[in-house]
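Participant: Listed in order, the protein sequences are those of chains A and B.
106 is the number of the first residue of the first sequence in my numbering; add one for each residue after it.
35 is the number of the first residue of the second sequence in my numbering; add one for each residue after it.
Just so you know, these hints were derived from the structure itself, not from any lab.
For every residue, glycine included, the Cβ atom is placed at its ideal position computed from N, Cα and C.
A hint or two may mislead.
Just so you have them, the derived chain B footprint on chain A, three or more residues with Cβ under 8 Å [said to hold, decoys possible]:
no., stretch
1, 135-142
2, 147-156
3, 177-185
4, 189-201
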Amino acid sequence: TQLLEQSPQFLSIQEGENLTVYCNSSSVFSSLQWYRQEPGEGPVLLVTVVTGGEVKKLKRLTFQFGDARKDSSLHITAAQPGDTGLYLCAGAGGNQFYFGTGTSLTVIP
Amino acid sequence: GAGVSQTPSNKVTEKGKYVELRCDPISGHTALYWYRQSLGQGPEFLIYFQGTGAADDSGLPNDRFFAVRPEGSVSTLKIQRTERGDSAVYLCASSLTGITEAFFGQGTRLTVV
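Work the whole structure out from these sequences, hints included.
Facilitator: In structure tokens form, the structure reads like this:
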């Protein structure tokens, strides 16, 4: 059962463009994490959001947790080739983290 | 150590063989998770340890899969009678206590031929 749906599944953009990735669920989570994963590596934690409506910024990345703590978004400003990777959201609930389906981002120089 | 360490990084085994995958979590982290990731998919939960005990093993696909963490630190995921469908990247993560931020290792890529 996939509790978290991410969209889009694939995204290919030119360097310098902006983009938004969405993570949606019908379930409420105590917190939500965003990870970036590169080929052959494990997911690397980018941010954790806990409070409904919370917004966190990490350089050119802006993360938002929905008011009802069911969904989240990741916005990247002026994307760079180094942003290329698989972006995963994960909601914390029960004894585990429920991962989304992932968004594969390619930034073309 | 500084991060979560998994060994081996790659494992190729023949169908029907037994394999062990090792995870060395971040020092002091009491919670440890095993996940499995297939190509193009998000990680899927297998098992969660809190200390030495398996607090939740509901994600283990069948009784061929077993995991231990005897001293509350290093964990071993054991797969008996491997099948080609077991081929995947097996990820280990640890967190300080329970459902807080989880930090992942680089994974073990298991290929069953």
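Participant: Could you run down the list of hints and mark each one as holding or not?
Facilitator: Right, here's what the structure says about each hint:
1. 135-142: Three-residue rule met by the stretch 135-142 of chain A, so holds; n is 4.
2. 147-156: holds (count 5)
3. 177-185: It is violated, with 0 qualifying residues against the three required.
4. 189-201: With 7 residues close enough to chain B, the hint holds.
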